[in-house]
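Start from chain A and add chain B according to the hints.
Chains as they are written, first to last, in this note's numbering: chain A, 1 to 443; chain B, 1 to 443.
Possibly wrong hints are sitting among the right ones.
Stated by the list, open to error - Below, simulated PhoX-like cross-link-like pairs (lysine-lysine); rule was C-alpha separation at most 20 Å, straight line:
(1) K26/B <-> K394/A
(2) K26/B <-> K375/A
(3) K394/A <-> K97/B
The hints are simulated quantities; they were obtained by calculation from the structure and are not laboratory data.
Quick caveat: nothing in here was measured; it's all calculated off a predicted structure.
If you want the building blocks of each chain, they are given just below.
Protein chains: 2
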Amino acid sequence: MDRTLAREAAKLAGKKILLQGWVNTKRDHGKITFLDLYDRTGIIQVVGAGEEIRALHPQDVVEIEGIVQPRPASTINEKLQTGKIEVKAEKIEVLSKAEELPFDLGMQTLDLELPTLLDYRSLTLRHPKVRAIFNVQEAIIDEFRESLKRKEFTEFQSPVIIPQGAEGGAEMFEVNYFNHKAFLAQSPQFYKQILVGVFERVFAVNKTLRAEPSVTTRHLTEVTTLDAELGFIEDWEELMDVAEDVIRDIFIRVEKDCNVELQLLDASIPKLSEKIPRIKLREAQGIIFKRTKRENCNEPDLAPEDEREICKWSFEEKGSDLVFVTHYPTSKRPFYTMADPKDPEYTLSFDLLGRGVEWLTGSQRINNLKTLTQKAKERGVDLEKSELYLQAFKYGIPPEGGFSFGSERITMHILGLKNVREASLFPRDMERVDVRLSTLKNK
Amino acid sequence: MDRTLAREAAKLAGKKILLQGWVNTKRDHGKITFLDLYDRTGIIQVVGAGEEIRALHPQDVVEIEGIVQPRPASTINEKLQTGKIEVKAEKIEVLSKAEELPFDLGMQTLDLELPTLLDYRSLTLRHPKVRAIFNVQEAIIDEFRESLKRKEFTEFQSPVIIPQGAEGGAEMFEVNYFNHKAFLAQSPQFYKQILVGVFERVFAVNKTLRAEPSVTTRHLTEVTTLDAELGFIEDWEELMDVAEDVIRDIFIRVEKDCNVELQLLDASIPKLSEKIPRIKLREAQGIIFKRTKRENCNEPDLAPEDEREICKWSFEEKGSDLVFVTHYPTSKRPFYTMADPKDPEYTLSFDLLGRGVEWLTGSQRINNLKTLTQKAKERGVDLEKSELYLQAFKYGIPPEGGFSFGSERITMHILGLKNVREASLFPRDMERVDVRLSTLKNK
Numbered sequence: 001m002d003r004t005l006a007r008e009a010a011k012l013a014g015k016k017i018l019l020q021g022w023v024n025t026k027r028d029h030g031k032i033t034f035l036d037l038y039d040r041t042g043i044i045q046v047v048g049a050g051e052e053i054r055a056l057h058p059q060d061v062v063e064i065e066g067i068v069q070p071r072p073a074s075t076i077n078e079k080l081q082t083g084k085i086e087v088k089a090e091k092i093e094v095l096s097k098a099e100e101l102p103f104d105l106g107m108q109t110l111d112l113e114l115p116t117l118l119d120y121r122s123l124t125l126r127h128p129k130v131r132a133i134f135n136v137q138e139a140i141i142d143e144f145r146e147s148l149k150r151k152e153f154t155e156f157q158s159p160v161i162i163p164q165g166a167e168g169g170a171e172m173f174e175v176n177y178f179n180h181k182a183f184l185a186q187s188p189q190f191y192k193q194i195l196v197g198v199f200e201r202v203f204a205v206n207k208t209l210r211a212e213p214s215v216t217t218r219h220l221t222e223v224t225t226l227d228a229e230l231g232f233i234e235d236w237e238e239l240m241d242v243a244e245d246v247i248r249d250i251f252i253r254v255e256k257d258c259n260v261e262l263q264l265l266d267a268s269i270p271k272l273s274e275k276i277p278r279i280k281l282r283e284a285q286g287i288i289f290k291r292t293k294r295e296n297c298n299e300p301d302l303a304p305e306d307e308r309e310i311c312k313w314s315f316e317e318k319g320s321d322l323v324f325v326t327h328y329p330t331s332k333r334p335f336y337t338m339a340d341p342k343d344p345e346y347t348l349s350f351d352l353l354g355r356g357v358e359w360l361t362g363s364q365r366i367n368n369l370k371t372l373t374q375k376a377k378e379r380g381v382d383l384e385k386s387e388l389y390l391q392a393f394k395y396g397i398p399p400e401g402g403f404s405f406g407s408e409r410i411t412m413h414i415l416g417l418k419n420v421r422e423a424s425l426f427p428r429d430m431e432r433v434d435v436r437l438s439t440l441k442n443k
Numbered sequence: 001m002d003r004t005l006a007r008e009a010a011k012l013a014g015k016k017i018l019l020q021g022w023v024n025t026k027r028d029h030g031k032i033t034f035l036d037l038y039d040r041t042g043i044i045q046v047v048g049a050g051e052e053i054r055a056l057h058p059q060d061v062v063e064i065e066g067i068v069q070p071r072p073a074s075t076i077n078e079k080l081q082t083g084k085i086e087v088k089a090e091k092i093e094v095l096s097k098a099e100e101l102p103f104d105l106g107m108q109t110l111d112l113e114l115p116t117l118l119d120y121r122s123l124t125l126r127h128p129k130v131r132a133i134f135n136v137q138e139a140i141i142d143e144f145r146e147s148l149k150r151k152e153f154t155e156f157q158s159p160v161i162i163p164q165g166a167e168g169g170a171e172m173f174e175v176n177y178f179n180h181k182a183f184l185a186q187s188p189q190f191y192k193q194i195l196v197g198v199f200e201r202v203f204a205v206n207k208t209l210r211a212e213p214s215v216t217t218r219h220l221t222e223v224t225t226l227d228a229e230l231g232f233i234e235d236w237e238e239l240m241d242v243a244e245d246v247i248r249d250i251f252i253r254v255e256k257d258c259n260v261e262l263q264l265l266d267a268s269i270p271k272l273s274e275k276i277p278r279i280k281l282r283e284a285q286g287i288i289f290k291r292t293k294r295e296n297c298n299e300p301d302l303a304p305e306d307e308r309e310i311c312k313w314s315f316e317e318k319g320s321d322l323v324f325v326t327h328y329p330t331s332k333r334p335f336y337t338m339a340d341p342k343d344p345e346y347t348l349s350f351d352l353l354g355r356g357v358e359w360l361t362g363s364q365r366i367n368n369l370k371t372l373t374q375k376a377k378e379r380g381v382d383l384e385k386s387e388l389y390l391q392a393f394k395y396g397i398p399p400e401g402g403f404s405f406g407s408e409r410i411t412m413h414i415l416g417l418k419n420v421r422e423a424s425l426f427p428r429d430m431e432r433v434d435v436r437l438s439t440l441k442n443k
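Looking at chain A on its own, in the form it has when it is part of the complex:
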C-alpha cells in the first residue's frame, strides 16, 4: 500500500490509507487513545483502541494503516489543515522505537533554556517552532540566489582553505595543511573580486569561519554568508540599489512562502518605505544628538544605543524599519575600500541597519593595483601570499563593489530571535562544537 502524506489525507474521507511519521503527542482517554502524528507535510490525528496504540510514545516512528473519517463536530480544529478528519487506526507498525524524552516536545511554546536546546539539538530541531526557523532560513537563502540570478549574477563556490586572510589576519582559524600553515576563510572577499574579472557579477553562499573569542548573543564562529559583487557600476549607490532589491525580494518571498512559519513564531516582516533612507554617518550622528543629546558626533562608528536610535528615527520619520548609513571613516574600513574622492577621510561604504542592529555591509572597492597595494602597505596588510588577488588587478578590473550579510543574522532579525544560535542548525562558538568543549579532555 502506498504512503499517504498528512496533508493529502483531508481529501480522502472514507478511504483506507497508510500513514508514516513520528508520534508527536499521545492522549489516553479511557479505552481510546489519540495520537498527533506528523510527517514533513503536517500533523494528523489518529485514534485507536487497545494495547498497541497505548504503548506508543512521542518520537516513535510508526506506520499506521487506517480509515479516514470525519471528526466529531466538537473536536474539529479549524486551525489545522487536517483538523476536520482523523484516521481510525487498524494496523500499527513501529519502524523505530524512541527512548523516553527528556522533556515534552509537544508543548505549544518551547521554553527550554539555550544550553538544553543545544545539548539536545537532534531532538529539539524536531519541534515545529524550531523547524519553522530553518524553513524561513532556506527561503531567505534561496531568494538571495533567485534575486541575483534575475540580475544575471553568476553563482560561485568560494574556497574555505586560504593561504592568507583578506583583512589582516585577526581572528582566523589556523589549519595544519600538510605541514604548512593555512587558514579558514573569514570571507570570500578576494575571490569575489577576482571573479568580477571573469563573470562581471557574482554571488556566493558560503561558509565563513571566525575565531571570535567572544561569547555574545550575536557571534558564531561558523556562518553561512551571502556575498555579492558586481563590476561596471555606474556609481557606488548602485551597490545599495542592488542590496535593497535583494532584501526587498527576500521579504516578499518570506511573506509569501512562510506565512505559517511567521504566525507560528509570532514574527512580522519589517516595514519598508518606497526607498530605504540613506544617510551619512555624520548626519546620523547629528540626528541622534538632536534626539538624545548624546555627544557621539565624532565617533568612527555607531554605538549599539545609537544604532537603535537611528532605526527608531528611520521608522518614525521615514516609515522604514531599515536604513542605510553611509560614509564610514577610512580608518575603520578594510584597506580595499574606496575612499570618497570628495572627502578621502570617509569611504564609499554603507551598513544596512534594521530593528536596531546591523544587517548587511558593503562598499565600492579600490580597483587600481597601485592604489590597492599602497593602501595595504599603509595598513600593514601582508599580501605576500595573495598573488591571485593582485593578479586580477594587474590584468584589468572595472569599477566594482559588493556587499555581504550572514544568513543566520538576517534570519534572527526577521524572526525577532533573541540569540543567533537559534538561527543556526548546529551552532559553533567558543564553547561548543556540537558537544560542549568543557566536557572534553583538552587534547
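Relative to chain A, chain B alone:
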C-alpha cells in the same frame, strides 16, 4: 549614456551605443584597428582609427561610445551572435589598464600546461573555454537543487568544523579550535542523517575537506559536494531511483542551458537508456571475466580497468553510458551502511559509474541505534564526540539512505576534462593553495 550589453547591440544598427568590457584581441590593419571586446553577454567587434584605439591591449577595461553598423559582407561571422555588425568607435575611455599578458588569451584553443593555468588563475579563468566550464558547473549545482526541491527535499547548510570524523578519522584536516582539537568535515554524513529526523528529505551543497596525501588527476583537498538523504524509503532501490532522476535532470538542464558551452568545449552529454542498468558487484565481475578473462571475481571493489570495462559493457549491451554497481562488501563500506539482510556479507550500497569512472556513491543506512553503535565498535570507530548523531537514533529515525557526489568530478566527467583541477575555480591540493606551497617558507 546607458550601457549597452554586447548581445543587445545586434538589434541596434544605426544607433549610437556605449559598450563596456574587456579587450579580448586587437588586430591592426594599416590605419584601421579591430578589437574584439567582451562583456558578460558575449563578444563584439569594434573598429576604429587613430592612436587611442591602437594603444589598447588585451584585458584593458574600456568604455567605448560608437555607432552600430553592418559589417562588410566579407567579414560577416555567422557563428557569432553579433557577427553581422560592428561598432565604429567614436570615443574611448580606459577604465583600467592591463599589464602586458604573459601569454595569448585570445587563441581558440587554450594549450597551457596545468601549472601555468593555475599560476595565472585570475587571468586564465577569463578565457571563454575556462569560463564555460564554470557556467556548466553552476547549471549542474543549480539543477541538483531544483530537482530535489521538486521532490520536497529541504536544503540545509552543513557544518565545516566538526568535533569528530564520520568515517574513522583518516585523512582529516585538524584545526586549532580555541586550544581544542577539531576537524574539517570530510562529509555532511552525520548531519544529513540527523536531519532526516527533522525534515525527512534533505540535501546540501557544501564544502568537504580531505587531507588526501595523493597528487592524482582525480583528487582535490577541497570539494563542493552534493549530498542528499531521505527517510521513509520503501526499499533501498528508491535511493537509486532518486539519484537517477537527479542525474537525468542535470543532463537535460546542461543540454538545454549550456549548448554554447558544450560546443565550445567539444563535449557531449552521456547517453542514457530508459533506465540505468543496475548490477551487483559480483555479477559485474562475472561479466568482466567473460569479456576479458581477467580473474578479479573475488576482489572487494572494481579496479580502474574493470570500471572502464563495465562501462563499456553497459554502453554496448544496454545502450547506457552510466551503470549502477550494487552490493559492495560490508567490510569495504562505512560502518553505518546497511547490510543486505539476505546476505550480510554485502551491503545495500551502490556506485554510479560512467565513462569508465565512479560518479556517485550511496547506500541505505543502519537506523537502529543498537546495531549502529555495535557496528561502529566492531570497526573501531570512536563516536565519543558524536553525541548528536547518536541522539538522533535514540529518538527515532525511519528507514533511510542517501547519496553523494562531487560537483567538480561530475563537471569533469560530463565535459571530458583530463584533470579535476580544471573543474575547480581555485583548486587546492597537496602542493597548492592558490600559491605553490613549495615557494613559501615552511611556517
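For each hint, the structure was consulted:
Using a Cα cut-off of 20 Å, the hinted pair K26/B and K394/A holds, with the two alpha carbons roughly 19 Å apart. Pair hint K26/B plus K375/A does not hold up; C-alpha atoms about 33 Å apart against a cutoff of 20 Å. Proposed proximity of K394/A and K97/B is supported: the alpha carbons are some 8 Å apart, at most 20 Å.
When each numbered hint is compared with the structure, a violation occurs for hint 2 only.
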